[in-house]
Structure formats: structure tokens, C-alpha cells
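Trainee: Sequence:
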Amino acid sequence: MKNADRQTLVLLALGVAFIWLFDRAWLGAPDEFLPLLGALPLLVWFAGPWKFSPDPFQLNRQWLGFSALFAVAGWFTGFNILLALAWTSALWAWGDLRLETNTRARLLRLLPLAVLAFPWLTLDFPSLGWWFRLSAAWTSQYLFAALGFTVERAGTQLMVARMPFDVTPACAGLKALQAMAIGGTALCFLQIRRTGSYWLGLACLPLLAWIANTLRVAVIVVAALTVGPEFASGWFHTTSGWLILTGIFALSWLATEFLRRPARPLKTTTIKAG
Numbered sequence: 002m003k004n005a006d007r008q009t010l011v012l013l014a015l016g017v018a019f020i021w022l023f024d025r026a027w028l029g030a031p032d033e034f035l036p037l038l039g040a041l042p043l044l045v046w047f048a049g050p051w052k053f054s055p056d057p058f059q060l061n062r063q064w065l066g067f068s069a070l071f072a073v074a075g076w077f078t079g080f081n082i083l084l085a086l087a088w089t090s091a092l093w094a095w096g097d098l099r100l101e102t103n104t105r106a107r108l109l110r111l112l113p114l115a116v117l118a119f120p121w122l123t124l125d126f127p128s129l130g131w132w133f134r135l136s137a138a139w140t141s142q143y144l145f146a147a148l149g150f151t152v153e154r155a156g157t158q159l160m161v162a163r164m165p166f167d168v169t170p171a172c173a174g175l176k177a178l179q180a181m182a183i184g185g186t187a188l189c190f191l192q193i194r195r196t197g198s199y200w201l202g203l204a205c206l207p208l209l210a211w212i213a214n215t216l217r218v219a220v221i222v223v224a225a226l227t228v229g230p231e232f233a234s235g236w237f238h239t240t241s242g243w244l245i246l247t248g249i250f251a252l253s254w255l256a257t258e259f260l261r262r263p264a265r266p267l268k269t270t271t272i273k274a275g
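For the sequence shown, the numbering used here gives the first residue as 2, with consecutive numbering after it.
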């Protein structure tokens, strides 16, 4: 590593701090952003060992230009996702020419973690939480109606067997989406080697997060109907979400473990005639 590399990494670290402080609305609910803190440590860990090219120090000017464009657009529009893309582009502008081939390939696959390391999801797309809540309520409505319960729904409010439920902002599922995006990216990186399957796996992560959040709402309704509303709104309300998310991760791991195993050759038996 050259001195210029160390200076570049210092500038990148300052960029991380700047983006997090650019819009400090996340300070109102810091626990919502805890999953994001694991993104960059995972990137540094999985991309290692970090081996550098012996070539003279230089940056990829094309990606540096993309970084500048994203940064200017993010500054004037206030969109944090553009700043996240600017930082990720700057990281790749450095890593593309300064890292040895294998390290560079690992970093390229892990660039989604760099984008996910910043609080743009909740700050830029607050309506996404509303759609998560509405779709969870809508799915639960038809699920329990199919099971024979009397169900009424008005927006995110449900009435199941004359018991009222409200899919509140706490059930928006954005924390689950962030955790699934970061943890799922790490899982796909460890389990999936084929490039096409890897990026397809990443594309499926939002769907898995939605399934986990919708299943959590359904489980809470079942708990309230069977055990009681006090139990469903107590410690079980929070614990059930993380248990379901852990279960989704476990099933995802089993699926990726199955997909990454090479197919066994079929055994053929030769039948002798005569």
C-alpha cells in the first residue's frame, strides 16, 4: 500500500462521516439504522485479504467522474442515495486500478454493501414503509378470510374475528428490509459463486424482506387470536419479527447451499445383449 492509498482511504472515511451527517433526520430514531452499521465492516472483512497492485498509483477517471456527478446531484437534490452512489463510485475508482485481480473481483461483488451502508432507504423513501404496511394488511386480509375468519380491512387497519389490529409504522418492515439486504448480500457472497446467480439472489432480497414482514403480521394476529392480545402486543411483538427474519435467513442459507453444490453425474448401467 502506498502513501497515496492511505490518503485516499482517509478521504473515503471522511466521506462516510459527511454522508451520515448530511441529513441528520435519522437521529430521531437511531435504532432504525443499526443494521446499516454492519455493512462496511462486512465489506472490509469479506473483500480481504487486501492485496495491492505494484503499478503506480492512479484512479479510474471515468468512475471518479461518475462519483462527482452523483455527489453534485445529491448535494442539490438532497437525495442520500445519490451521495451513497457517489461514495461507492469513488471507492471503485480507487479499487479498480489499485487492487490485485482477486481482491478487485471480491470488492466488485461487495459494492452493494457500500451503497447499503448509508441511511438513504428510510430518509429518501419514507412511503416505502407505508406500502409494506398496506400490502401486509391486504395479504393478511385474504389469508384469514381464506381460513374462514370474518375479516374487514380499512387501509392498514384489520378486524379479524371482531378483534381489531393496526399495522402501525413500527410494522413497516424497513428495519427488516435493511437487515435482509445487508445480511442477504453477505450470505449470497459466501454461498453463490456464479455471477448470474449471485446478482439474481441479490434481486430477490427485497421480496424476502417483504415475506418476512408480512409473515410477522400474520403471526401476531394468530398469537392475539389464540393466546391473547396482551401476549401479542408484549415481548412477543418484537421477538417474533427477529425470529421470523432469522428463519428466513436460515431457509435462504439452505437454498443457496443446495444451489451451489455441483450436480451429481447420473450413473448409467450398461446392459449386455446376448
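To be clear, the hints were calculated from the coordinates, so they are not data collected in a lab. Accuracy of the hints is not assured; some may be wrong.
As the list claims (entries may be wrong) - Computed Cβ-Cβ distance ranges for the label pairs, DEER-style:
1) Pro127 - Thr151: 50 to 60 angstroms
2) Gly235 - Phe77: 26 to 36 angstroms
3) Pro127 - Phe232: 22 to 32 angstroms
4) Thr247 - Thr169: 20 to 30 angstroms
5) Leu191 - Leu148: 18 to 28 angstroms
6) Gln59 - Leu255: 25 to 35 angstroms
Every residue gets a Cβ at the ideal spot worked out from N, C-alpha and C, and that includes glycine.
Trainee: Decide, hint by hint, whether the structure agrees.
Mentor: A quick look at each hint next to the structure:
no.: 1; hint: Pro127 - Thr151: 50 to 60 angstroms; verdict: 33 angstroms, violated
no.: 2; hint: Gly235 - Phe77: 26 to 36 angstroms; verdict: 47 angstroms, violated
no.: 3; hint: Pro127 - Phe232: 22 to 32 angstroms; verdict: 31 angstroms, holds
no.: 4; hint: Thr247 - Thr169: 20 to 30 angstroms; verdict: 22 angstroms, holds
no.: 5; hint: Leu191 - Leu148: 18 to 28 angstroms; verdict: 38 angstroms, violated
no.: 6; hint: Gln59 - Leu255: 25 to 35 angstroms; verdict: 44 angstroms, violated
Checked against the numbered hints above, the structure breaks hints 1, 2, 5, 6 and satisfies the rest.
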